[in-house]
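Colleague: The chain contents come next:
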Amino acid sequence: MSAHDPSISGWAFRPGSSERISARLDVSADWIFLTDPDDGLLLTKSAPLDVRLDQAAGAGPRNVYFADGWMFQTEDHQISILMQEPLPSRLLRHFEIFRLRLAAFIFLSLLSAFAAWSLAVPALVTVAVWLTPHAALSQIDKASIKSLDLTVFEESDLSADKQKDQKRVLKQLMLSVDANRPFTLIFREMPGMGANAAALPGGTIIVSDELVTRYGDDPTVIAGVLAHEMGHVVEQHGLKQLYRALTVYALITLVAGDVGPILENVLLEGQTLASLSYSRKHELSADRFAVDLLYKSGFSPEGLQRLFKDVEETDGENSWFATHPSSAERLKQIKEMADHRK
Amino acid sequence: METHEKFEFRGSAREWFGIWIVNLLLSIVTLGVYSAWAKVRSKKYFYQNTFVAGRNFDYHATGQQILIGRAIVVAALLVFALSAQFLPPLAAALLIAYVAVFPVLLVRSLRFDARNSSWSNVRFDFVGKLGQLYLLIFVYPVLSILTLYTTWPFVQRAIQRYGINNHRLGTTSFHFDSKIGPFYMAFLAAVGIVLVGVALVAGVIFGQITSTANEALFANPILLLNLFLSYLVILLAAAFASVVYQAIIRNHIFAHTKLGENKHGFVSTVKPLSLLWIAVSNLIVVLFSLGLMLPWATVRMQRYLAENSALVPNGSLDDFTGDVLTETNAIGDAYSDIEGIELELPV
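As given, the protein sequences belong to chains A and B, one line each in that order. Throughout, my numbering is defined as the position within the first sequence, counted from one, plus 4. Throughout, my numbering is defined as the position within the second sequence, counted from one, plus 1.
Hint data in this document are derived by calculation from the structure and do not stem from the laboratory. Please note: incorrect hints may appear among the correct ones.
[What the hints assert, rightly or not] Residues from chain B shown here face chain A by an in silico Cβ test under 10 Å; the list is partial:
| id | residue |
| --- | --- |
| 1 | K40 |
| 2 | K45 |
| 3 | N50 |
| 4 | A92 |
| 5 | N122 |
| 6 | F127 |
| 7 | V128 |
| 8 | G129 |
| 9 | K130 |
| 10 | S275 |
| 11 | T299 |
[What the hints assert, rightly or not] Here are some chain B residues the structure puts well away from chain A; computed CB gaps all over 10 Å:
| id | residue |
| --- | --- |
| 12 | Q49 |
| 13 | V102 |
| 14 | I138 |
| 15 | L144 |
| 16 | H257 |
| 17 | L288 |
[Said to hold, decoys possible] Simulated restraints on C-beta separations:
| id | chain 1 | residue 1 | chain 2 | residue 2 | range |
| --- | --- | --- | --- | --- | --- |
| 18 | A | P41 | B | K180 | 36 to 42 Å |
| 19 | B | S317 | A | E79 | 22 to 28 Å |
| 20 | B | A98 | A | A107 | 27 to 33 Å |
| 21 | B | L136 | A | A107 | 49 to 55 Å |
Quick caveat: nothing in here was measured; it's all calculated off a predicted structure. Ideal Cβ positions, reconstructed from N, Cα and C, are used throughout, including at glycine.
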């Protein structure tokens with residue numbers, strides 16, 4: 005390096021002091037000097053190897069740290085060349101500059117985000133489901149029932165005999181399920197929800213009073229409904245949806261950074277809402293599980309078919325709200341499976 | 002005679018976009034490893050471009066520190082998950098241990114962040130005592146619940162006192178204290194907004210709050226739509242309430258915070274409705290651009306907050322001194338990062 009290198013002007017700070025002194029940085033072969041530009045007095049000097057140029061992000065001021073703790077700050081970006089900044093940190097800044105080639109980065113980002121979405125999320129969800137202890141599942145069940153009882157459900161009006169009949173159907177189905185978790189059946193009045201049933205991740209199945217009053221004397225229908233709900237439990241659909249929502253949120257905040265107020269809430273809570281529309285696949289899968297289980301335990305899938313026909317006639321085509329596949333679609337699948345068995 | 006030294010954010014959305022998209026790409030292709038360095042670059046960009054009295058802030062942690070901290074936290078969580086699967090009693094013991102050490106990690110995290118931040122060449126520091134934090138986390142909230150949250154503003158004030166009074170710029174300490182009234186005003190404003198949301202749901206939509214993870218055999222479309230709308234309205238009301246609360250409390254806290262024996266003052270002139278407008282319009286723009294406008298939204302928010310903050314110097318700003326501190330342990334930092342827990346300090 006020659007003695008004619010241009011000097012760089014900026015500000016100097018004593019070690020640990022907030023006082024800003026105007027200063028000049030000069031580089032010679034053996035030393036880097038920091039001097040006061042007014043009187044030319046030497047502030048400090050260090051050997052080039054002991055002087056550190058910080059890693060800046062963006063085009064803001066650059067800091068230079070001397071061995072004895074002095075700091076020099078400048079807006080002059082010639083400092084990068086003068087201090088022979090290593091290639092990797094220059095390269096990173098180079099690529100970050102807003103140019104047309106960033107379009108390629110955007111494309112690559114979207115592509116890899118899509119890959120992460122379709123590969124990493126399901127993988128993480130699978131691991132999380134596998135790691136969830138049974139104790140946690142039954143806790144989820146208890147808490148869910150409590151909050152549902154508080155908000156939408158009412159106590160069941162069914163007689164003890166009626167309840168016992170349905171539980172007998174469940175017991176028969178359980179004989180053919182290769183799952184080491186126990187299922188429990190509970191009854192609730194569900195105002196406004198008609199003949200309905202729901203499954204919780206820990207194996208609790210809730211059926212509405214109306215389902216039992218309408219179909220309680222027909223074990224094939226009840227068996228169909230229960231087998232379907234057992235499918236949700238065994239295949240862990242509810243848990244998967246929950247974890248999916250949490251995983252997506254965690255990945256977004258980890259990779260994209262702080263997203264700011266409101267959006268943060270929408271991402272976390274909205275994910276749970278969005279996961280409702282994901283259950284289409286799960287419904288069809290639970291139906292397939294049900295048909296298999298019904299055959300194994302000596303029930304006919306004809307009960308489930310009859311139920312869907314009923315629903316189709318009373319409700320019509322309601323698939324506009326995409327949470328559930330249409331009854332016709334489900335009916336078709338069950339018929340195909342039944343035909344296949346013959 | 003009083004001069005206001007306004008905070009100024011000199012970054013631009015264009016420049017931040019470049020840094021952000023490269024961060025994003027490298028984070029994904031390295032399966033998240035680069036995200037530690039990405040965090041450092043993000044913080045550096047926003048700190049280095051924020052100026053007050055012509056001098057900027059800076060962030061000094063390294064990606065390596067953050068990565069090691071994160072790795073240890075992930076390992077600890079994994080050990081917990083595995084023991085929950087195979088050795089439940091150990092998991093229960095671990096859970097109690099983790100909860101018990103949480104304040105230790107939080108103090109470390111606050112200290113790590115403070116010591117790796119600087120203004121005008123002087124590092125910040127955090128000197129909070131652990132015992133007080135245990136009270137803040139485990140005792141005060143319980144007392145507040147016992148009074149049905151009516152004493153929640155007292156908890157909030159205690160948190161702010163703890164957070165601000167234990168921060169130092171070099172060796173110079175910050176001081177904050179205030180009457181309880183303004184905390185109650187902000188609290189009531191927030192509660193009011195949530196109540197409006199609840200009333201809206203109860204009156205217009207018929208209100209029921211859904212529970213996650215249940216699978217109905219048949220979806221009743223009307224019921225589901227109602228549940229969906231109720232949920233959305235409550236969610237938005239709560240988010241609005243939190244933004245308005247932050248704005249009110251930020252102004253109040255800035256006005257009652259002093260720095261050092263000179264009593265340098267602070268002013269925040271954030272308007273709740275403006276902040277709400279920025280947050281809501283940011284949300285819409287980000288959603289409709291599939292997230293690509295997020296850098297623009299972040300810079301917009303940062304600029305608004307900076308423009309509405311000022312330092313009121315009372316004497317020279319050249320007299321701050323501090324040691325050059327190094328804090329090598331980022332475990333606490335990673336923990337609060339991953340769990341998304343923050344002591345809500347309005348800095």
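Colleague: Taking the hints in turn, state whether each one holds.
Modeller: These are the hints, each one checked on the structure:
| no. | hint | verdict |
| --- | --- | --- |
| 1 | K40 | holds (7 Å) |
| 2 | K45 | holds (4 Å) |
| 3 | N50 | holds (5 Å) |
| 4 | A92 | holds (7 Å) |
| 5 | N122 | holds (4 Å) |
| 6 | F127 | violated (17 Å) |
| 7 | V128 | violated (17 Å) |
| 8 | G129 | violated (22 Å) |
| 9 | K130 | violated (24 Å) |
| 10 | S275 | violated (13 Å) |
| 11 | T299 | holds (6 Å) |
| 12 | Q49 | violated (4 Å) |
| 13 | V102 | holds (22 Å) |
| 14 | I138 | holds (22 Å) |
| 15 | L144 | holds (25 Å) |
| 16 | H257 | holds (23 Å) |
| 17 | L288 | violated (8 Å) |
| 18 | P41(A) <-> K180(B): 36 to 42 Å | violated (51 Å) |
| 19 | S317(B) <-> E79(A): 22 to 28 Å | holds (23 Å) |
| 20 | A98(B) <-> A107(A): 27 to 33 Å | violated (50 Å) |
| 21 | L136(B) <-> A107(A): 49 to 55 Å | holds (53 Å) |
Hints 6, 7, 8, 9, 10, 12, 17, 18, 20, counting from the list given before, are not met by this structure.
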